[in-house]
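S.K.: Sequence:
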Amino acid sequence: MKRQIVLASRNVHKIEELKLLLDTAPFDFVNLSDYPNAPSVDEDETTLMGNAALKALSAQQHTGLSAIGDDTGLFIEALDGKPGVLSARFAGDYATGADNCQLVLELLKHESYRAAKFVTVLALAHSDGISYFEGHLNGKISMSVMSSHGFGYEPIFIPDGLNVSIAQLSRQQKNTISHRAESAKSLLRFLNTLKT
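Everything in the sequence shown is counted per the working numbering, starting at 1 for the first residue and increasing by one.
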């Protein structure tokens, strides 16, 4: 029987993506929905790495399993790197993805320079400590919402070399180029070196 690792998230989209990206790892993945009493984590660190580690360590402590924490941010050059570590709650603590997208578009409405990047940090809390895996996706912010699909800022983010938003890509295309895919590939290589 494969050992289990807990994905320290209740975000259905993130869980689906990570399970798909880590599909060939020699582990079974469970998530916090399987542990209803697992505590919520206040993401009050100032870096993606810090927040990813908070989630991973909390889940590891509660479940006794190795745990993967994820934090992702959108960094927009014309906004001095905002929303950055506050990406999920840029438009307020209870903001939806659509709310956050609208705020970004409003802030950039007179701005022609729209370069941005997505960054994902995965933190694996395991018996030997914490290991970090980072991925990037460079691109720009669109002039308007380009899709009703995707989550977070995907409907307004156009990856370099493309003329569609990441939300308009197929899952296979997205999982080839995305920031989360890049970090997951590094994590997968690490997991494959661990003894099962």
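Honestly, the hints are just simulated from the structure, not real lab data. One thing to keep in mind: the hints can contain errors.
To be verified - Result set (EDC-like, lysine to aspartate or glutamate): computed pairs, CA atoms no more than 16 Å apart in a straight line:
(1) 174 <-> 28
(2) 185 <-> 77
(3) 2 <-> 43
(4) 140 <-> 80
(5) 19 <-> 80
(6) 82 <-> 111
(7) 140 <-> 77
(8) 140 <-> 111
(9) 117 <-> 99
(10) 185 <-> 160
(11) 109 <-> 128
(12) 2 <-> 16
S.K.: Could you run down the list of hints and mark each one as holding or not?
M.R.: Right, here's what the structure says about each hint:
1. 174 <-> 28: violated, 23 Å
2. 185 <-> 77: violated, 27 Å
3. 2 <-> 43: Since the Cα atoms of residue 2 and residue 43 sit roughly 31 Å apart, the hinted pair is violated (cutoff 16 Å).
4. 140 <-> 80: holds, 14 Å
5. 19 <-> 80: violated, 33 Å
6. 82 <-> 111: Satisfied, since the Cα-Cα distance of roughly 14 Å is no more than 16 Å.
7. 140 <-> 77: holds, 9 Å
8. 140 <-> 111: Holds, at roughly 12 Å.
9. 117 <-> 99: Violated - the C-alpha atoms of residue 99 and residue 117 are around 19 Å apart, more than 16 Å.
10. 185 <-> 160: Measuring from Cα to Cα gives roughly 20 Å; hence the hint is violated.
11. 109 <-> 128: Cα-Cα ~48 Å, so violated.
12. 2 <-> 16: violated, 19 Å
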